[in-house]
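Number of protein chains: 2
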Amino acid sequence: MKQDYILLAHGSGGKLMHDLIEKKIAPSLKSDLLSVLDDSCEIPIVAEKRNFRIAFTTDSYVVKPIFFPGGDIGKLAVAGTVNDLAMKGAIPLAVSLAFIIEEGMPLNELEIILESISTTAKSAGVEIATGDTKVVERGSADRIFINTSGIGIIPEGRDVSGINVKPGDAVIISGTVGDHGLAIMSEREGLGLNIPVVSDVRPLNSIIEKLFSEIPSNAIHALRDPTRGGVATTLNEISRQSNVTIVIEEEKVPVKEEVLGACEILGFDPLYVANEGKFILFVDPDFSEKALTAIRNHPDGKDAQIIGYAENPVNSNASVFVLTPLGTRRFLTMLTGEQLPRIC
Amino acid sequence: MKQDYILLAHGSGGKLMHDLIEKKIAPSLKSDLLSVLDDSCEIPIVAEKRNFRIAFTTDSYVVKPIFFPGGDIGKLAVAGTVNDLAMKGAIPLAVSLAFIIEEGMPLNELEIILESISTTAKSAGVEIATGDTKVVERGSADRIFINTSGIGIIPEGRDVSGINVKPGDAVIISGTVGDHGLAIMSEREGLGLNIPVVSDVRPLNSIIEKLFSEIPSNAIHALRDPTRGGVATTLNEISRQSNVTIVIEEEKVPVKEEVLGACEILGFDPLYVANEGKFILFVDPDFSEKALTAIRNHPDGKDAQIIGYAENPVNSNASVFVLTPLGTRRFLTMLTGEQLPRIC
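Chains as they are written, first to last, in numbering that gives the first Met the number 0: chain A, 0 to 343; chain B, 0 to 343.
Honestly, the hints are just simulated from the structure, not real lab data. Given the structure is predicted, the values throughout are model-derived calculations rather than measurements. Glycine included, every Cβ here is placed at the ideal spot set by N, Cα and C. Accuracy of the hints is not assured; some may be wrong.
Covered by chain A, per the in silico footprint, the following chain B stretches (three or more residues, Cβ under 8 Å) [said to hold, decoys possible]:
1) 14-26
2) 35-46
3) 49-58
No farther apart than 27 Å at their CA atoms in a straight line, the calculated lysine-lysine pairs in the DSSO-like style are these [stated by the list, open to error]:
4) Lys-14(A) to Lys-63(A)
5) Lys-63(A) to Lys-14(B)
6) Lys-63(A) to Lys-29(B)
7) Lys-165(A) to Lys-63(B)
8) Lys-63(A) to Lys-165(B)
9) Lys-14(A) to Lys-14(B)
10) Lys-165(B) to Lys-14(A)
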């Protein structure tokens with residue numbers, strides 16, 4: 000491998016592609032499943048019962064820049080897909096990895112991304128099971144796009160979905176909001192903040208398992224990570240899915256000082272800014288305090304807060320409201336337009 | 000939905016994206032699994048036993064042009080992933096669908112692609128289970144890239160892998176070679192051939208199941224669809240995986256008249272040109288004739304041929320050879336360099 004840059008031939012299916020996969024990609028990822036190099040990998044399953052459920056998810060990552068404070072596109076791609084599985088209460092089993100690379104990308108950047116993918120997968124306890132590499136001509140993509148898909152097993156007794164929220168449920172956020180979006184934005188715009196904003200990108204499956212180990216599974220109604228569109232958009236999605244009104248108290252939503260500062264400079268509302276290491280939980284109110292304690296006792300959840308509750312919609316108009324300090328309610332709508340392109 | 004073109008906001012996570020998914024994408028795909036719109040879908044499994052194997056695969060599609068004789072990027076994306084599962088002997092269960100769209104893509108092109116995805120998935124009997132939509136700025140991608148990942152169940156008794164080929168195995172090709180690559184190339188270059196070359200893109204799971212129903216599972220050692228790099232590259236991959244020498248007779252490899260003509264004009268060897276609706280089978284020689292008959296009795300396999308055999312490598316140098324009409328052997332190497340960028 001004398002090339003220092005990715006060539007079109009690295010995506011041809013031929014010799015250079017095999018060299019890239021066998022000498023760079025597979026060794027970096029140290030995956031037994033990947034080592035066979037068939038068109039599909041084979042994953043042995045030992046289920047508790049013959050009847051069970053798997054979770055399946057996909058996401059493409061087009062974040063710009065590909066390296067940012069707190070992470071890079073590789074870490075994001077693994078964590079994002081692990082988190083989509085965890086938000087279904089699933090235990091991640093395997094992740095696939097597909098690259099679309101722009102001709103001319105420096106090979107050492109790909110190596111850094113592979114290292115980051117490997118580290119993140121290891122920290123989440125998942126294996127990169129299968130993959131694909133395509134290369135397109137210079138100008139036909141922007142450096143690198145990554146798709147990760149994931150499969151997981153949903154243990155018996157868990158039924159977590161945006162459609163399962165009930166009036167009365169407490170709404171918990173696992174930590175500060177807006178960190179990822181502002182980290183990307185300040186890097187992209189060269190804001191030069193006094194205190195740099197660092198992305199919160201991380202796998203959340205460990206904290207979710209802690210939660211399931213400490214409160215009854217059937218008390219956990221919905222989980223979602225507020226990525227694109229932020230907390231406001233996520234709450235609107237769930238309000239529509241479950242036909243409930245959701246009311247939150249804005250001052251209870253934790254926001255880091257530096258994120259708030261950057262939001263003020265840029266004119267953003269932190270409730271609409273993407274997160275990549277936080278989740279929103281809808282929980283049976285009888286278990287809300289216990290859930291909050293479980294989350295706070297995990298290193299990824301120390302800033303968790305109960306921020307609101309779900310209620311019956313008035314005249315069947317399920318909506319999301321912010322309770323103002325004066326006790327009135329204002330609508331919190333879904334994100335309209337495009338605030339921050341290519342945040343993930 | 001007044002926009003006739005894809006906007007950045009269609010990928011924002013907000014209102015326009017939800018409208019696109021709920022009003023265009025989900026209705027086109029008519030998938031129950033997709034309709035819930037959680038971050039992961041939930042797939043119920045009823046296994047024959049508690050111990051079993053699943054196949055998992057991923058591919059990104061960057062074909063240019065996105066519409067070509069015989070298909071489009073949507074049909075290719077579904078068929079390609081279904082085929083990767085079928086090549087493991089797996090019964091496809093669900094396919095994911097992730098779009099990376101360039102801002103400004105006409106919405107009606109996306110609609111045509113969605114229709115094609117829906118038709119192809121239906122014909123293969125798989126459900127589009129989960130998805131993702133990203134939009135990047137004009138100039139940061141080339142119209143549309145699609146990733147599909149797939150999962151399938153491997154029935155008991157099947158053990159199909161490039162590592163399982165044995166000396167003596169017969170090599171069968173399921174039909175004519177080079178159709179897909181030449182269809183793309185002639186469309187791209189505006190060759191204006193007398194008889195247009197049409198891509199062979201199609202799902203192969205039906206013909207593979209026919210094969211398994213007519214010969215014993217343990218006689219089927221390896222299956223692979225010769226896509227990028229063509230038959231020559233696929234044979235080299237398997238030669239290396241199983242450490243066998245493979246010998247084929249070139250004149251037994253079926254090639255359509257018009258494909259041969261186009262290859263001559265362009266200076267291509269059909270053995271290196273991509274296929275998207277053919278497979279290579281390595282089968283126990285005692286069952287090769289029966290396998291050939293089973294394949295030929297399926298509409299997608301009527302031109303199938305036994306083209307060669309595997310043998311013990313000389314001095315452990317596993318290689319691929321073409322037997323010339325004079326009885327001598329010439330090396331058939333893996334594709335080197337890039338012959339046809341963005342063929343799939």
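A quick look at each hint next to the structure:
Restraint check on the region 14-26 of chain B versus chain A: 4 residues with Cβ-Cβ distances below 8 Å, three needed, restraint holds. Under a criterion of three residues with beta carbons nearer than 8 Å to beta carbons of chain A, the stated coverage of the region 35-46 of chain B is upheld, 12 such residues being counted. Against chain A, the region 49-58 of chain B contributes 10 residues with a C-beta closer than 8 Å to a partner C-beta. That satisfies the three-residue criterion, and the hint holds. Note on Lys-14(A) and Lys-63(A): the hinted pairing is violated, with a Cα-Cα distance of about 31 Å set against a maximum of 27 Å.
Between Lys-63(A) and Lys-14(B) the CA atoms are separated by roughly 22 Å; this keeps the pair inside 27 Å, and the hint holds. Proposed proximity of Lys-63(A) and Lys-29(B) is contradicted: the alpha carbons are some 33 Å apart, above 27 Å. At roughly 48 Å between alpha-carbon atoms, Lys-165(A) and Lys-63(B) are farther apart than 27 Å, so this suggested pair is violated. The suggested pairing of Lys-63(A) with Lys-165(B) is violated, with an alpha-carbon distance near 48 Å, which exceeds 27 Å.
A hinted pair counts as satisfied when its Cα atoms are at most 27 Å apart, and Lys-14(A) with Lys-14(B) does not qualify at roughly 45 Å. Distance hint between Lys-165(B) and Lys-14(A) is fulfilled; the C-alpha atoms sit about 24 Å from each other, no more than 27 Å.
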